[in-house]
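Listed in order, the protein sequences are those of chains V and L.
Residue 1 is where the first sequence starts when you use UniProt numbering, and the numbers rise one by one after that.
Residue 1 is where the second sequence starts when you use UniProt numbering, and the numbers rise one by one after that.
Per label pair, the in silico range of CB-to-CB distance:
{"#": "1", "chain 1": "L", "residue 1": "Asn187", "chain 2": "V", "residue 2": "Thr135", "range": "21 to 29 Å"}
{"#": "2", "chain 1": "L", "residue 1": "Asn243", "chain 2": "V", "residue 2": "Leu52", "range": "23 to 31 Å"}
{"#": "3", "chain 1": "L", "residue 1": "Asn60", "chain 2": "V", "residue 2": "Ser50", "range": "35 to 43 Å"}
{"#": "4", "chain 1": "V", "residue 1": "Leu103", "chain 2": "L", "residue 2": "Lys294", "range": "41 to 49 Å"}
{"#": "5", "chain 1": "V", "residue 1": "His129", "chain 2": "L", "residue 2": "Asn187", "range": "26 to 34 Å"}
{"#": "6", "chain 1": "V", "residue 1": "Gly42", "chain 2": "L", "residue 2": "Asn187", "range": "48 to 56 Å"}
{"#": "7", "chain 1": "L", "residue 1": "Thr57", "chain 2": "V", "residue 2": "Phe25", "range": "34 to 42 Å"}
{"#": "8", "chain 1": "L", "residue 1": "Asp100", "chain 2": "V", "residue 2": "Thr263", "range": "20 to 28 Å"}
{"#": "9", "chain 1": "L", "residue 1": "Asn123", "chain 2": "V", "residue 2": "Gly55", "range": "33 to 41 Å"}
{"#": "10", "chain 1": "V", "residue 1": "Leu264", "chain 2": "L", "residue 2": "Pro193", "range": "38 to 46 Å"}
{"#": "11", "chain 1": "L", "residue 1": "Lys294", "chain 2": "V", "residue 2": "Val98", "range": "36 to 44 Å"}
{"#": "12", "chain 1": "V", "residue 1": "Leu213", "chain 2": "L", "residue 2": "Ser218", "range": "56 to 64 Å"}
{"#": "13", "chain 1": "L", "residue 1": "Thr57", "chain 2": "V", "residue 2": "Leu275", "range": "48 to 56 Å"}
Taking beta-carbon pairs under 7 Å as the criterion, some of the chain V residues facing chain L (in silico):
{"#": "14", "residue": "Val38"}
{"#": "15", "residue": "Lys120"}
{"#": "16", "residue": "Gly121"}
{"#": "17", "residue": "Ala137"}
{"#": "18", "residue": "Ser138"}
{"#": "19", "residue": "Asn145"}
{"#": "20", "residue": "Gly147"}
{"#": "21", "residue": "Gln230"}
{"#": "22", "residue": "Ser232"}
{"#": "23", "residue": "Lys245"}
{"#": "24", "residue": "Tyr247"}
{"#": "25", "residue": "Asp248"}
{"#": "26", "residue": "Leu249"}
Calculated from the structure, these hints are not laboratory results.
C-beta atoms are modelled at their ideal positions from N, C-alpha and C, and glycine is treated no differently.
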Amino acid sequence: MKTKKPNIGIVLFVAIGVVPFAAAFVYALLYSFGIIGVANQGFTLRFWESVLASGTFFKSLGYSVVIALVAVSLSVGGALWVTLKFRRQLEKRILSFVIYLPLAIPGIVTGFFTFQLFSKGGFFARISHKLGFITEASQFPDLVNDGLAVGIILSFITMVMPFFVLLFLNVYKNERIEELSILAQSLGANSRQVVHCVFLPILIRKTWVLIILYFIFLLGAYEVPLILGQESPQMLSVLIIQEIKQYDLDKISEGYVVAVLYTLLVSVAALALFLPKRKRAYAS
Amino acid sequence: MRKINYILFGLLLGTILLSCGEKASKNDERLKTATWESIASEARGTTVNFMMWQGSTAINDYINNYVVPSVKEKYNIDLQISGGQGPEIVQLVMGEKQADIEEGQVDMVWINGETFFQLRKINGLWGPFVEQLPNAALINFEDSFISTDFQQPINGMEAPWSINQFAIVYDYKKVPNPPKNIPELENFIKEHPGTFTISNDFTGMTLLKSLLAELGGSPNALNGPFDEKKYKELSEKLWKFINDNKRYFWKEGRTFPKEQSKMHQLYANGELLIAYGFSEGGIEDKVLNGLYPKTTKGYAWENGTIRNSNYLGILYNAPQKAGAMQVINFLLSPEAQFKKADANGMDSNTVLAMDKLELEWKDKFLEARKRQYGPILEELEANAIAEPAPEYMIRLYEDFRKKVIEN
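Using the sequences plus the hints, can you model the full thing?
Here it is in structure tokens:
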């Protein structure tokens with residue numbers, strides 16, 4: 001009897017988690033080769049050729065990777081710094097509330113907030129105008145819909161950093177880093193050595209899987225780059241939706257090509273990252 | 001506990017299977033020849049799903065607080081509104097065609113020429129049905145801006161709902177002499193760098209069509225079927241003009257707003273000095289809502305701006321075609337069109353021909369509340385040009401991305 005329970009769990013997981021995903025992937029794959037699709041005329045490699053030849057996908061991929069990488073690095077760095085410096089203060093209610101509040105805000109709202117605050121007609125531009133730093137809206141620096149994706153990265157950091165602060169604080173407690181630091185200090189380590197040899201290695205080693213998952217999550221983010229991004233290059237999800245919703249029905253399949261490529265890439269990366277570790281864990 | 005799990009799982013699976021297998025065959029062909037009385041009686045008591053763009057409070061107010069209660073009271077029809085425009089409608093129809101769904105989720109849709117072209121391409125519309133509607137007799141189908149959509153005759157496959165013209169929007173206090181042709185535009189952006197842009201959507205492409213016609217030398221330069229040679233020649237000039245002057249565009253032409261609403265915000269906060277849009281610039285409600293300054297005005301390009309109509313269509317797999325016909329007929333009634341023309345409400349031009357209306361309604365329309373800020377359709381009439389063939393739009397979209405944005 002007892003062995004039955006996990007089975008139904010797996011069946012449900014497959015039915016709800018795996019089957020729809022696999023079905024959608026197969027659908028996108030067939031669509032990308034023109035096998036299905038109301039406006040398509042049958043199997044063709046045309047869409048793959050045109051996507052691979054245009055270079056838009058690779059540009060967009062590179063752009064997305066850089067943005068996600070910068071955002072995750074800054075968020076993790078910031079969260080580590082906050083954990084290290086403000087651990088005690090964060091135990092107070094009000095401060096922790098302020099820090100964790102962004103976790104409850106959806107991405108699309110964060111995107112709008114950022115736009116309202118940092119656009120050329122936004123809050124900070126208006127304050128700068130009142131204070132006489134600028135005389136015209138166009139003098140305010142380009143922070144949203146800009147080439148360097150400052151707005152997108154700022155939004156990502158607001159969304160992701162609180163999560164890492166929360167995570168690091170928990171790991172800090174659970175891994176008893178406080179006690180270990182005291183121990184290291186009593187053995188003669190200075191505070192620099194404590195940070196480099198105790199604090200950082202334990203926190204990072206315990207959380208690196210989540211850091212990479214967040215990187216993948218940001219790689220595929222949609223709402224924030226939709227609101228704050230520029231028209232070219234675009235982040236991957238925005239590009240995919242734009243291709244799929246395009247006016248020229250004959251080219252909708254190109255959107256599916258990008259979607260398939262992106263899915264393959266992320267799946268391969270995830271497998272490469274997580275599989276060997278698991279085997280080792282079972283072996284030991 | 002385990003039993004409950006199995007039951008729940010079975011239910012889940014069952015619902016999935018049932019929802020896939022939903023099919024019903026119905027012969028709707030007879031509606032095309034049936035008498036209006038029999039259509040009206042079939043429509044009574046139905047629930048009609050209407051997918052439309054819900055991005056304007058004035059439009060939502062008109063639909064939710066006037067149309068929905070009216071059709072309920074008059075015809076006992078429950079009109080359900082769902083949000084979605086062009087691409088969403090096309091995606092929905094493509095998905096339902098793919099899945100062979102004979103009874104779709106949506107009965108009627110609000111579309112423009114772009115979507116009409118796409119839906120026609122995939123046979124997504126049901127019809128012809130317009131001639132069956134009693135109120136269609138009040139429309140002047142001789143007017144080519146009504147009976148032709150993107151150079152294609154509508155042939156009763158969609159019913160015109162309102163007519164409008166594209167206009168350029170400016171603030172006469174800041175810009176006393178706005179540009180009216182390409183050389184003037186070039187001078188203007190050189191004098192006021194960063195205050196002009198092209199939105200990468202339907203609205204921006206419509207402006208490009210006007211510019212293309214101007215480069216072609218006449219308001220009618222793009223009429224007729226798509227001409228590859230003509231397009232290549234004119235578009236090369238257009239991209240050269242834009243790329244040569246890109247550095248004077250908003251953000252030095254490094255990026256362009258994704259859609260018109262963003263451009264309108266940029267105009268409202270003073271970043272842009274010139275904006276543009278359909279509905280004669282859509283100025284009235286934006287001034288009344290306080291978005292645009294009261295000194296905003298609109299005008300047509302010297303060589304002309306696009307005039308077109310927007311339409312109501314019935315989807316090929318609409319479960320309640322009779323109900324949709326009744327609702328569309330109501331939307332074309334003098335009563336509903338008059339309410340829609342209110343300058344403080346939806347502010348949209350009627351498609352009804354004044355000389356076909358009864359005197360009482362004609363007087364009402366003529367005495368209706370007028371716009372205080374935006375230009376009226378008649379003022380722009382002399383500079384109206386027709387929508388060119390849809391291929392121009394497809395190519396402009398593609399080439400604007402390749403030759404300007406990604407350049």
